[in-house]
Amino acid sequence: MSSTIFTRAFDRRVRTLLTVLGISVVVGGAFGTHTLWQANMEQGYSPAQPLAFNHAIMAGTHKIECTYCHTQALKGPHAGIPTVADCMKCHKEIQTKDGEGHLKEGLAQLNEYWRAKTPIPWVKVHDLADFVYFDHSRHLQPHTGLQCADCHGDVAKMDRVTRVNSLKMGWCLDCHMQAPQKNTPEGWTTRAPIHCTTCHR
Amino acid sequence: MSSNDATPNDPTGYAEGAPAGADAMHQGLAVLGRSEVPIHDDHVDAPSASEMTRRTAMKMLSLTAMVGMVSGCVRKPERRIIAMHDRPEYQQPGMPLYYASTWLEGAHPYGLLVKQIDGRPIKLEGLQGHPLNPGGKSTGPMQASLYSLYDPERLRSPKQGGADVSWSAADKAVVGALKGAQRVLLVTRSTLGPAEKALVARFRKAVPGALHMHYEPAQDRVRREVWKQVYGAPGEVTTSLENAKVILSIDSDFLGTDGDVLGNTRGFSATRDPNGEVFSRLYVAESGMTGTGTSADHRIPLRPSAAKEFVVGLAMALGGDSKTLSASAGRFGWDPKVLEALVKDLNANRGAAAVLAGPHLPAFVHSAVASLNATLGAAGKTLGWNPTPAAAIATDPAELLQALNAGPDVAIFLGVNPMHDFPGAGFADALGKAKFTVAQGLTEDETLAAAEIALPSAHALESWNDAAVSPGVKGLAQPMIAPLFGGRQIGDSLLAWTKALATGDDALAKTKDFHAWLKSAWGLGQTAWEGALRKGYVGSAAKTTLPAPKGAGFPEPADPVEGGYDVVLALHPNTGDGRWQGNAWLLETPETCNKVVWDNVAAMAPSTASALGVEEGDWIKVTVGEASVELPVLPQPGVQKNTIVTHVGYGRTKGAGHGNGVGVNVAALGVGLLAAKVVKASGDKYLISRTQHVFDQDYSHTDTPVKRHIALSGTPKEYAEYKAQPPRPDPSTLDPTDGTLSFPDTQKHKIPLTQIDEAVDYSKGAKWGLAIDLGQCTGCNACMLACQTENNIVIDGKEEVAKGRDMSWIRIDRYEAGPEDNPEILLQPMLCQHCDNAPCETVCPVNATTHSPEGLNEQVYNRCVGTRYCNNNCPYKVRRFNFFNYTGKQTTSPVQELRANPHVTVRTRGVMEKCTFCIQRINAAKFAVPDRGERLKDGAVTTACQQACPADAIVFGDANIKGGKIDRARKSDLAYHVLEEINVRPNVTYAARIRNVHPDLDHPVKGGH
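Chains A and B, in that order, give the protein sequences.
Read the first sequence against my numbering and you will find it ends at 216, with the numbers running on by one and no gaps.
Read the second sequence against my numbering and you will find it ends at 1016, with the numbers running on by one and no gaps.
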């Protein structure tokens, strides 16, 4: 409990070290922020998924509508990830094999989940903070003119889903502040709301 | 916490005289290890300064640097999105599903509407159209019962002799004990449903000689027995107060705890419009202060043991002889003028009057009240009769004691906890005489802990059941979630044992579970059954009339003891008879009038307290016969002299979670009304935690009295005078520079304030507003608990509440006026006023609180940095700050996280929060219709408080709808804003209360509220 642990010389060395460390942290931090901010860690996020599912085949080659699987997009806040049972509605019949006669990798995995009666632990790509309340159905109202791809990118060309937009608040506001004004039956003009409780509550 | 603590509690650790250099660093490190939440802090050990070496210091330094470098480069943690394997029908992610059910935790099976999101029940409402609560209203305990469903304290496995066993082993042991048992005692609550009753009958057939007893700790037994004799059947008197012009309550808290409170409140509030066709008058003669007493137009403090004199005198006065009544009035200090008015009113309103008496009063009083009601012609008008009430008459506890003392072979306790709340002494000894005991309950309470076999029960929301709602109506309860902790409902236990014992009964053997038993008992086809489930009940209410009372000789109760004390062991307005003692939400909700949380106290008149020589927090010893308990004292204006009022159910020792060790168990004294000896006891000053103390809003006792517009009330005469004045403009459009004139002022007062902000045009879209009618509020706390459930509001315990850190977004303020022995109490729900000139918004340094174009004062948690400037600048003190991380892993168990409303952010430490006008509900209502820019219909949005309010005192809506609910409320001549003179322009409008005092007595109360 006294000052005998550190010698004065050691203290001096520590101070010098801390100063150098401090300066490099500040300079490095500023440089890092500057270079990494725009193309930040969120944008371009493309995690490996537990199942080799390919949107490029489903939405691209076979041209299946997004809402065919993401059934809730027009009805509620969450677009909805299809359940294993939903997948199997088609894939009980469609069991494509590769050139060597083996089941395709993703299908083999799907069958395994189906047999084990367990859900698929997908990794979230478009993940918002818990204090953000985004509602898919509201954004897909006819008058908004929005398409899924406007936010999610052209998923039909993605082998593995990648986040193409930052989904940061500023990015949301870019749209909300430009939304076209329109006349309503009662004669008021509405536009996409920008007050806080639109998304935060 | 005393304010003159000698050592400053410096959060930085650098208290005065702290050493410099390395020692300061040690202190700093110690501070880093300091626990931030005052509870459960044992697992965070501060590194001991004396063990610090250079090596450890270097290790920590380098570790810190590494953590700092690494964390800067890592993306936020990977999160999974897991859809179900197979989705149940109807269920959509994040979208609510509603199920009809029945509330089974009380004598009145109200309809329930359970809101379920992603398979989790997250909110309960009343069921619209249900015969008992047609407005979809609910009580506080109904709202709070979700806490008990997700209570981590719940028992998780059957136990035998204290060790976990499987269900089959437990059943085998029970059945083994029942086989060949000569004397079997089955103890249940008195509120078994019809299917459960049939099962009990079947059980008794399989176990010959089994005794079945109905146990209720705080009993309505005396009154029910009187009714049985007087009206000739074991029924229940019902009320139709909407037909009443004059109501007299004799110590009956009929708007709070006594009887069908939702029905009573609905009927009563229907007659409380001062401009309505009928404006009823309520007389309350009561011993303590209750919500019913605050609603009274005339309140008479009544010594409960003098209720006999009161009723007898009144009956004679109605017969024309008022001498006895005036003699008693002189003896007991009742206001003769009020009594005169009462007699006049009752005489003038025969056929439209009702007299109600509290359950704790002696049999004589109840039979006298029955004949009084017959004299008044109440039958068929204000009072009705239910020959088949949901609750059976409880067994006399003496019989239970006797049966146990006879040494039964097996004693089974289902859903009761007599070990804690048995009225009187001797239960523990008697229980020891039973050879084999089985108990089933939600948590391992006192009775389960004492039993050989302890079984976990399923919560009512995890169970199938039915209920006799009212004559001709049967209700259904359906499970909302699979039992969370492997519990089993008591019906399934009984069925399992009966099946094993009733050999040769094929039909029973084929009955899989209680669900199947219930279904076959109902005998409906699949379509009809599904229809009943969807509706929640079947049948329509049959009209039954109150029979003419038969004279019955009941012994006259003893006269009040001169110099002695009456003790009333009352039901708590929140925790009731104590069955919700493990529900921390209800414990932290303040008592209606004294605003005490987390305790039961001995409430007594201030004059009684000074006669006993005690002050708040001192202890008294209450002795009834041989039993005595010590209670902390709370002097409370309005409580009758020489009367102690306290609440039952407190003082739990096991299985109540946060409720263990809260309050004092008074069960040993007995039940109801008792004559007692009271003396001062020694003991340290006890901290009584209250959300509000007594104060005078007008500072009328100081040198600088000021008339403040906070809680306003007046009399019909004042109202008539006020109405004769030129009309006052809508307060929301009022130009403050013009001065205001709000009831009950009859003179305009100029306000030297001007509008400095630019006026905002709110006329385009919606403008949300809320209106509260003070004339309707009974202080039942349902709004507080509805808000708590809906908005994920945390509780923070007795000590934090004592520091003024209670977290509720809506509170019910209480203002007292008039004499200390019988004050007028005005209750005022207070919540964020969503001011258009909000003082909080201008001081926030980070713009975390802003104003929406729809007039909402928004609070953005993710932006808040916790400066608390907003709270300091709020004139209404409705903002709440999270001083600690109440929602973190240390304080919230994973199962409690399931309870949270997913549509409302769970707040963390260091952010301000407050009422949002249920913005999630506003948004949901908007999203429910296509976005064409159309105005939402009036009534499209219901806030949680409004939805629960049994008196319909709260309305919410768009003030821009002309002729809409809010528009009408604001244009009422009783409408005003709290603290109008400071020009913050609130969006919450209050309507002043008109106390319908008798014209003969209409003179203003001195002192104001």
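Incorrect hints may appear among the rest.
Claimed, not checked - Capping the alpha-carbon separation at 25 angstroms, the derived lysine-lysine pairs in BS3-like fashion look like this: (1) B/648 to B/212; (2) B/344 to B/315; (3) B/179 to B/684; (4) A/139 to B/519; (5) A/90 to B/122; (6) B/526 to A/90; (7) A/90 to B/519; (8) B/661 to B/204; (9) B/933 to B/730.
Stated by the list, open to error - If you want the footprint, here are the derived chain B segments under chain A, 3+ residues with CB under 8 angstroms: (10) 87-95; (11) 100-107; (12) 184-194; (13) 908-918.
Since the hints were made in silico from the structure, they are not lab data.
Backbone N, C-alpha and C fix where the C-beta goes; we use that ideal spot for every residue, glycine too.
Hints and how they fare:
For the given pair, residue 648 of chain B sits about 53 angstroms from residue 212 of chain B by alpha-carbon distance, which is inconsistent with the 25 angstroms threshold. About 20 angstroms separates the Cα atoms of residue 344 of chain B and residue 315 of chain B, which keeps this hinted pair within 25 angstroms; it holds. As the CA atoms of residue 179 of chain B and residue 684 of chain B are separated by approximately 50 angstroms, the hinted pair breaks the 25 angstroms bound. A C-alpha spacing of about 42 angstroms is found between residue 139 of chain A and residue 519 of chain B, which places the hinted pair above 25 angstroms, so the restraint is violated.
Annotation: proposed proximity of residue 90 of chain A to residue 122 of chain B holds, straight-line Cα distance about 18 angstroms (limit 25 angstroms). Of the pairs offered as hints, the one joining residue 526 of chain B and residue 90 of chain A is violated, with about 35 angstroms between alpha carbons and a cut-off of 25 angstroms exceeded. For the hint pairing residue 90 of chain A with residue 519 of chain B, the CA-to-CA distance comes to about 39 angstroms; that exceeds 25 angstroms, so the pair is violated. Restraint check: the Cα-Cα separation between residue 661 of chain B and residue 204 of chain B comes to about 29 angstroms, which exceeds 25 angstroms; the hinted pair is violated.
For the given pair, residue 933 of chain B sits about 39 angstroms from residue 730 of chain B by alpha-carbon distance, which is inconsistent with the 25 angstroms threshold. Remark: the stretch 87-95 of chain B is confirmed as covered by chain A, as 8 of its residues place a Cβ nearer than 8 angstroms to a Cβ of that chain, reaching the required three. With 3 residues having a Cβ less than 8 angstroms from any Cβ of chain A, the stretch 100-107 of chain B passes the three-residue criterion, so the hint holds. Counting residues of the stretch 184-194 of chain B whose C-beta lies closer than 8 angstroms to any C-beta of chain A gives 0; at least three are required, and the coverage claim is violated.
With 4 residues carrying a beta carbon less than 8 angstroms from a beta carbon of chain A, the stretch 908-918 of chain B meets the three-residue requirement, and the given coverage holds.
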